[in-house]
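Peer 1: Letter by letter, the chains look like this.
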Amino acid sequence: MNTHPSDKLIQDYLRGRMPAAERDQFEQQLESDPELAEEVALQRAELAAAERLLESETRAWMREWQQPAQPAFRAARFWWLAAVAAGAVLLIAAIYVFRQPGTTTPKDQAEQVAPPANNPIATETLPAPVPAPQPAPAQKPVATNPAAPNYLAEARLRFQEPVLSDVRRTNTDSLVSLIRQAQAAYAAADYRRTLDLLAQTDSTRLQSATFLEAHALFHLDRFAEAEARFESLIAQNSRQFRYPAEWGLLICRLANFPKREQVFQQQLDALLDNPQHPYFEQAKNLESALKK
Amino acid sequence: MQRPSPTPGEIIDALTGQDTGRRKAALQCLFENQALRKRTIAHVRRYGGNRQDGEDVFQEAIIVFDRKTRAGAFRGESSLEGYFMGIVRWHWFNEQQRNARQPVSLHETPPEPPPGGNPELEYLLAERREQLDKLLEQLADKCRNLLKMYALDYSMDEIARQLGFANDKVAKKEAYLCRKRFRVVLKQHPELWQDFILIKKKP
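Residue numbers (my numbering), protein chains in the order written: chain P, 1 to 292; chain A, 1 to 203.
Only chain P is shown next, with the shape it has when bound in the complex:
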């Protein structure tokens, strides 16, 4: 966003990229040049405001990532409370039953609660059978093993973003506009809106729209659907998108571990057998990272 020749210098100063000696000199200049001092103050304010916006964005992302983990965390934290409560109820019930005068033994109870169906007297004189309190099913906390494989995070890191300018122009203006809007929504990481906009186009007829749609679906963790879109591009033997779609497909399968492990491995092996493939090096890196 550098528009003024001295902007770069000011930016280096504000972003802490200026060497110490140069910085001292620049600060001396600031003392004697009120105009420069004002410009620096303005740019500092801009930078602070911009950083504040980034902070808000990162916090929103963290809330989004935290949401699916929250119920598991709660369950993990409070499962033992439920187990203790169930145990206490069971204990109180047992004490109550055994302290009653003329109490029958559990064995007798078992015999009484199941009277023969053809004995109406028995059903009338016996109290209604009370279902014995069942112990709470042993609920295990959802294990969050820090050493567990995190294929999803790896897939997210290796997922390749589309070059949006590659989306070709189409014949109708409204379609151009929709795809541009979808691109803008995608660039702003608003993937739901991207899909809404693409849904208004016939994306099955536009490879570029399908490609963008697959990426948006990936970001929304809808890996199976993203996989299907990438597969369709490969099936169409798209000259422009075939190879990126193959890579996208592989990464979707990695994200969908262990469900898609087998097909992932097959596809990775096939890719590694082809040194001419444009994603050969990336596949090699991925393989070595997975083997580590």
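Just so you know, these hints were derived from the structure itself, not from any lab.
Computed from a prediction, not measured in an experiment: that's the story for all the values here.
Honestly, I wouldn't trust all of these hints.
Unchecked claim - Quick list of in silico lysine to any residue cross-link-like pairs, SDA-like style, CA-CA up to 25 angstroms:
| hint | chain 1 | residue 1 | chain 2 | residue 2 |
| --- | --- | --- | --- | --- |
| 1 | P | 8 | A | 17 |
| 2 | P | 284 | P | 160 |
| 3 | A | 187 | P | 56 |
| 4 | P | 8 | A | 136 |
Let chain P serve as the given structure and place chain A on it in line with the hints.
Peer 2: This is chain A only, laid out in the frame that chain P set:
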């Protein structure tokens, strides 16, 4: 297959690059790093906080780590965990001082601030949050997005591509108008403006 963790180099590249998706993925890797999270919570609990404080400090440390990495303060020469924990220790120490929740023992050596970055900027972000938010509320969405990309040091070409402008010249013009608007709004708040003018080397 064992867990393939992204290398610090990959994380730095993603945070300093011009690809929003990769940036988001790198931040998510940090956020889902259970070892870092546990170490953070353990540190906070050891020094008088609870689990929730630990979780808050962990998230705050990710934000500071991102900012410092973009400013070139962390280049992967030291370990990522070590640098991250330096931010955690510094942040929690300051947090306690601010809230006076727990008197800091005289025998305890205050942690070193994590190196790099810009102290004036850190001060403004810590102490002038609400005022900055008030300024930002007066800007349009488009302008806010432009400012965000400015913080990320994106090129005009990249801004044009991501925000759907026709070319870099249009992006440059939009950026100029946005900065102009921001300056007008800022000068309407003399108390904050004075703060920006007077700030030199606040702690």
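Peer 1: Please go over all the hints and tell whether each is borne out by the structure.
Peer 2: Status of the hints after comparison with the structure:
1. With a CA separation close to 18 angstroms, the supplied pair residue 8/P and residue 17/A stays within the 25 angstroms bound.
2. Annotation: proposed proximity of residue 284/P to residue 160/P holds, straight-line Cα distance about 16 angstroms (limit 25 angstroms).
3. For the proposed pair residue 187/A and residue 56/P, the alpha carbon gap of about 23 angstroms is at most 25 angstroms, so the pair holds.
4. Between the alpha carbons of residue 8/P and residue 136/A the distance comes to roughly 24 angstroms, so the proposed pair stays at or under 25 angstroms and holds.
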